[in-house]
Every structure is written in C-alpha cells, then in structure tokens.
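Undergrad: So the chains spell out like this:
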Amino acid sequence: MAQVQLNNIGKTYPNGFEALHPTTFEIAEGEFCVLVGPSGCGKSTLLRMVAGLEDITAGELQIAGRVVNHIDPADRDIAMVFQNYALYPHMTVRKNIGYGLKNRGISKDEIARKVDEATAMLNLGDYLDRKPSQLSGGQRQRVAMGRAIVRDPALFLFDEPLSNLDAKLRNQMRIEIKALQRRLGVTSIYVTHDQVEAMTMADRIIVMNAGRIEQIGTPAEVYHNPASIFVASFMGAPPMNLLSASAVDGAVKLGDQTICQTQHQGPVTAGIRPEAFVLDATGPFIMDVQIVEELGAHRLLHGTLNDENVTVHIDNEVTAVAGPQRLSVRPEAVCLFNVMDGQRLSCSP
Amino acid sequence: MRKPKLSTLIDHAVLIAGSLFMMLPLLMVLQMTTIPDTEIIRTGPSLTIGDQFDDNFTKAMFEASGFSGENTGLSMLKNSMILGMGFAVGKIVIGMMAAYAIVYFRLRFATLAFWLIFTTLLLPLEVRILPSYEVVQWLGMLNTYQGLIIPLIASATATFFFRQFFRSVPEELVEAARIDGAGPVKFFIDILVPLSQTMIAAMFIIMFVYGWNQYLWPTMITTDEDMYTLVRGIKQIVQVLEGAVVPEFGRSNVLALVAVIPPVLVVVFFQSWFVKGLTESDK
Chain A
583 MAQVQLNNIG KTYPNGFEAL HPTTFEIAEG EFCVLVGPSG CGKSTLLRMV AGLEDITAGE
643 LQIAGRVVNH IDPADRDIAM VFQNYALYPH MTVRKNIGYG LKNRGISKDE IARKVDEATA
703 MLNLGDYLDR KPSQLSGGQR QRVAMGRAIV RDPALFLFDE PLSNLDAKLR NQMRIEIKAL
763 QRRLGVTSIY VTHDQVEAMT MADRIIVMNA GRIEQIGTPA EVYHNPASIF VASFMGAPPM
823 NLLSASAVDG AVKLGDQTIC QTQHQGPVTA GIRPEAFVLD ATGPFIMDVQ IVEELGAHRL
883 LHGTLNDENV TVHIDNEVTA VAGPQRLSVR PEAVCLFNVM DGQRLSCSP
Chain B
39 MRKPKLSTLI DHAVLIAGSL FMMLPLLMVL QMTTIPDTEI IRTGPSLTIG DQFDDNFTKA
99 MFEASGFSGE NTGLSMLKNS MILGMGFAVG KIVIGMMAAY AIVYFRLRFA TLAFWLIFTT
159 LLLPLEVRIL PSYEVVQWLG MLNTYQGLII PLIASATATF FFRQFFRSVP EELVEAARID
219 GAGPVKFFID ILVPLSQTMI AAMFIIMFVY GWNQYLWPTM ITTDEDMYTL VRGIKQIVQV
279 LEGAVVPEFG RSNVLALVAV IPPVLVVVFF QSWFVKGLTE SDK
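Keeping their order, the protein sequence lines are chains A and B.
Be aware that the first sequence starts at 583, since it is given in our numbering, and climbs by one per residue.
Be aware that the second sequence starts at 39, since it is given in our numbering, and climbs by one per residue.
Calculated directly from the structure, the hints in this document are not laboratory data.
Note that the structure is predicted; figures quoted are calculated from it, not measured.
A portion of the hints provided could be inaccurate.
Just the calculated beta-carbon pair ranges, DEER-fashion [stated by the list, open to error]:
{"hint": "1", "chain 1": "B", "residue 1": "Thr-182", "chain 2": "A", "residue 2": "Asn-651", "range": "48 to 56 Å"}
{"hint": "2", "chain 1": "A", "residue 1": "Asp-897", "chain 2": "B", "residue 2": "Ser-206", "range": "50 to 58 Å"}
{"hint": "3", "chain 1": "B", "residue 1": "Ser-206", "chain 2": "A", "residue 2": "Val-900", "range": "50 to 58 Å"}
Covered by chain A, according to a simulated footprint, are these stretches of chain B (three or more residues, beta-carbon under 8 Å) [unchecked claim]:
{"hint": "4", "region": "199–212"}
{"hint": "5", "region": "218–228"}
Straight line, CA to CA, 27 Å or less: simulated DSSO-like cross-link-like pairs of lysine-lysine [unchecked claim]:
{"hint": "6", "chain 1": "A", "residue 1": "Lys-696", "chain 2": "B", "residue 2": "Lys-224"}
{"hint": "7", "chain 1": "A", "residue 1": "Lys-690", "chain 2": "B", "residue 2": "Lys-224"}
{"hint": "8", "chain 1": "A", "residue 1": "Lys-750", "chain 2": "A", "residue 2": "Lys-760"}
Quick reminder that beta carbons are idealized off the backbone N, C-alpha and C, glycines included.
Produce the complete structure using the sequences and hints provided.
TA: This is the structure:
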C-alpha cells in the first residue's frame with residue numbers, strides 16, 4: 583500500500599521560477615526513501631511541500647490515503663527532523679520532546695511515559711533535564727529524532743539531518759537512524775546531498791537534478807544502471823569514468839577497441855565504473871597512471887586514457903606504480919549514454 | 039604580601055576618580071539633607087554632617103506639601119512607580135505584539151505599516167504635545183493614570199527593537215513549532231516570549247527609567263496634587279510663592295535621593311538577568 587503518493591506535484595514560485603517540475607511517484611509503507619541531488623535541485627522544496635511548509639502549486643499529495651494539499655502541517659501526521667535540529671533553546675530535553683504532545687492535549691502522565699520510552703530508545707535518559715545548549719551535536723541530533731518518534735507519526739521527514747555533524751559521528755548516526763527506522767517501521771523521506779548517505783541508507787533512491795527526477799531505483803540499480811550521465815557522475819565516489827566513444831555498425835569503439843554492441847550510430851559517451859577496469863598485462867588499453875592513491879583496503883589509480891581523465895579502482899593485493907599500465911574492461915559493466923541529451927542507451931557485451 | 043604593581047595602582051586611581059566624579063553630587067545632596075535649610079542658604083554644601091536627616095525624611099515622605107494635603111512623598115513615589123511600570127510594561131507588550139505581526143504574518147502593506155510606525159521615532163511626545171493634550175482632554179483622561187501613560191507609549195522604539203530581534207530567530211524554529219502543532223498564539227507565548235527574555239529585560243531597563251524621569255508630560259496632564267509624580271513634586275517644594283520663606287531644601291533633597299533609588303534598583307536587578315541571558319541563550 584502506498585503510504586505517500588505524489589500525483590504531478592509541482593512548485594512554481596510567484597516570480598515564475600519553476601522549482602519543481604510536475605513529479606509523480608509513490609512511497610510504500612515502511613520504506614526508507616532518499617531524495618538526493620546537488621544543492622538547488624528542488625529536493626528540499628519537495629520535502630517541505632510534503633511537510634506542508636511550502637504551498638503545493640500543482641498536483642495532489644496523499645499521505646496514508648488522505649489528500650493533504652490544504653491540511654496544516656500539524657494535522658498531516660508527520661514529524662520532521664531539521665538540518666540545524668531546530669530545538670527550542672529555552673526548553674529542557676524533556677520539554678522539547680514533549681512539546682508536540684502537549685499541544686495535542688495529551689495528558690501529563692501519557693506524555694511522561696512516551697517521552698521516557700523515546701529517550702530510553704535513544705540513550706538520552708541522563709540528559710532529560712538539560713537544555714540544548716548543554717548537549718553535544720550528536721545528542722542534539724538525537725533529541726531532534728526523539729521529538730519526531732515520540733509522536734508516532736505516519737511519516738518521518740529528514741532534511742539533511744547529518745550535515746552539521748563531523749564525519750565520524752555522521753557515520754555512526756547514519757547507522758543509528760537506519761536501525762531506528764527499521765525497528766519502528768515508519769515510512770521515511772530523507773533528503774541529502776551526500777551520495778554516500780543515500781547509497782547506504784536508502785531502500786530506494788530518488789536522484790534529482792534541476793527540479794526534475796532523473797532516476798528512481800534501489801541503490802544497486804542507481805549505481806550499476808544509471809539512467810543518465812547526470813546520475814552516473816553524481817552517484818559513486820569516485821564517480822563513473824565518462825569517455826567519448828563512437829558506435830560504428832553496431833560496435834562501440836573506445837579508441838580503436840570494441841567494448842560492447844549497440845543499435846545506436848555515431849558518437850556516444852561510454853560510462854565505466856572505476857572498478858570495471860581490470861589491470862591486465864595483455865589488456866588492449868594503455869593507461870598513463872600519474873597518481874596512485876593508497877586507501878588501505880584498495881587503491882585508486884588516477885591518470886589518462888586516450889587523453890581523457892580516468893580513475894581505476896584496484897584491490898590492495900595488486901601492485902601498481904605510476905607510468906603506463908595495460909588495462910582491460912569488463913564489457914558487461916559498460917553503460918552507454920546519448921551524447922546529445924545524456925540519456926541511457928541500451929548496449930550488450 | 040605581594041607588592042602592588044604600578045599599573046594596578048594607576049588602574050585603581052582612575053577607577054576611584056571616576057566613581058567619585060559620579061558619586062560626589064549625590065553625596066553632596068545627602069550631606070545637605072542633614073543640615074537645617076537656613077544653613078544651606080548661608081553656606082551651601084559643606085563638610086559638616088548635621089542631625090536633620092530624620093526630620094527631613096519624615097517630612098518628605100509622610101507630610102503633604104500642597105494645599106490639599108494629598109501629595110506626600112509616599113503617594114508621589116506610588117504615582118511614579120505606576121507611571122514607570124505602566125509605561126515599561128505597556129510599551130513592551132504593545133511593541134512585542136506589533137513586531138510579531140509585522141515579522142511573522144504576511145500582511146498587506148506590512149512594510150508601509152512598519153515605516154509608518156518607524157516615523158513615530160521622529161515625533162516624540164514633546165513635539166506633538168499640544169494635539170496630544172487636546173486628545174487626552176477630549177477623552178476625559180486628565181488626572182488619570184491612563185492619561186499619564188498611554189500617550190507616552192505611542193512610540194516605536196520597542197517595536198523596532200523587537201522586530202530586529204524576531205528577524206534573527208531562525209526560520210526552522212517556527213517550522214518545527216508548526217509541525218509540533220503550535221498555533222500563532224502558542225508559538226508567541228511558549229517560544230517567542232521566553233526567547234526574548236534578554237530583550238525584554240533590556241527594554242524594561244530603558245523604558246522604566248525613561249518613564250520614571252518624565253517631567254513635561256506629567257506636569258501638563260496632572261493638576262490634582264494626588265496625581266503628582268516624584269520628579270515634578272520635588273520642583274513644587276522648592277517653588278515658594280512668598281518671598282520671605284526659606285524653601286525646604288532639606289525636604290526636596292531627600293525626595294531627590296528617593297527618586298534616584300528605584301531606577302538604580304531596576305538597573306541592578308535586571309542587569310544580572312540581562313547578562314545571564316546573554317551568556318546562556320543560543321537561539
């Protein structure tokens with residue numbers, strides 16, 4: 583059953599700027615859906631429209647089977663976690679978490695019970711009587727989470743909740759949030775510009791660019807089968823190598839080597855993930871390696887292939903040095919894109 | 039014992055000189071409350087401490103000075119208190135509410151309204167004193183506390199400061215409150231007012247002292263002696279009609295000292311609150 587359904591939802595500002603082109607998709611119950619894209623792509627606008635903080639100028643939004651276009655944020659049965667936490671600075675942790683319940687006229691005993699339950703789940707028990715200014719970044723983040731879960735909503739909305747934390751804490755909170763969502767089974771929409779967060783947390787990723795959805799799919803789909811050059815270059819670190827190739831009589835040629843077969847004719851862009859290259863003494867390609875980046879578990883080779891920049895991912899057992907290296911390509915891992923509009927073209931090994 | 043450094047000595051000398059400079063006038067007034075009025079006429083301020091203070095204090099606080107026998111020091115103190123408090127509280131309440139409307143609601147002509155309010159800063163009561171008197175008189179508010187307080191409140195200082203403050207409150211807080219189900223009134227009372235504590239304290243200091251020190255407007259609007267405020271009452275004591283009578287300097291000096299104390303207390307009390315708020319709040 584679809585918990586959240588967007589039918590041609592669009593947003594045009596009064597000055598005529600179209601922040602979000604009409605968009606249709608649905609999110610299943612219990613699903614963790616991540617909206618990812620560069621800043622200004624409309625992902626936050628979309629989230630805020632679902633929350634009710636921005637007016638919807640076109641289309642219809644349903645949450646739990648109910649059209650909520652003109653329903654107040656407080657009555658949409660949602661909870662939101664903000665980027666800068668948005669905790670009430672003058673209230674203790676206990677009051678911050680209980681404020682939403684208090685406004686809904688729930689009895690004091692009930693509030694106390696629910697707050698205790700939520701804070702126990704988040705390991706905040708020792709901090710109940712502190713104010714936000716006396717907490718660390720990670721603890722504040724947890725309080726913000728507590729404020730969301732205590733309400734037991736139909737939908738969680740996360741607006742870049744981890745971007746104010748340092749890298750280590752971010753990794754830890756990423757797992758905590760994901761585990762919490764699993765345990766509670768609440769449908770969630772999570773906005774981020776960090777593709778690692780998107781890949782690791784999502785059940786399904788929605789990649790957005792310039793107010794449009796580029797691709798919707800599981801992390802594996804988005805990674806291995808990007809629908810456009812934009813998705814290919816945005817998802818994955820390091821990103822996919824995009825090399826100019828040409829298709830002649832069904833064969834796609836990179837330099838003078840055939841890498842796969844297609845129906846298309848003329849110039850194309852070949853997308854090859856760094857790990858789809860293999861160091862191979864008999865390989866057909868010669869890469870000029872300039873820098874070897876040591877990352878412990880694996881290495882990255884940066885250099886040029888036919889005068890185009892290329893990054894190659896190799897395991898740490900394979901030794902590599904700067905200078906010319908022979909490579910081959912796993913043909914099943916090649917993606918082809920139309921040079922004109924950046925859309926995916928079909929190809930076969 | 040540690041030998042004091044020269045720079046420390048100089049620092050202290052400067053500070054002591056400064057304090058004396060500020061306090062000497064008050065000390066002179068205090069000295070003059072202790073000697074008989076005739077002595078003051080003869081010698082002016084001196085170094086002798088007399089025994090008249092109790093006498094002067096009793097006269098100043100509990101004895102009426104006018105014709106009606108109603109304007110004792112105590113009643114004037116009460117009137118000044120009502121004026122200072124009423125003015126400060128009224129100004130803060132109205133200023134906050136006006137600023138709330140301007141900042142958080144999409145009103146038509148909100149900017150125009152704001153600038154209209156803002157121009158009242160250029161028109162203090164002294165400038166519009168005749169029309170104001172006319173209006174107050176027409177409303178039958180002469181010799182009332184309302185007449186004393188309300189026209190003074192009509193100025194934009196507090197609105198202006200609260201507007202600037204509210205604009206610095208992060209947008210997310212408003213949104214979080216909306217999702218938490220707080221309507222406009224709840225948001226104002228539960229969130230905005232507590233966040234504004236420091237601002238309110240600062241405003242209260244400024245406004246109370248301003249209201250307390252009003253002289254011209256109370257002089258115009260109050261003719262009943264039981265409505266006199268301290269600041270104008272002092273003047274009245276020294277103003278003697280018959281030339282042969284020595285003005286009651288001792289008595290008016292006591293009143294002058296009494297008139298200084300409440301503003302000082304307000305500053306001292308709210309200052310600690312103000313500083314605490316500045317260091318603790320992070321909105």
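Undergrad: Output the indices of the hints that this structure fails to meet, ascending.
TA: Violated: none.
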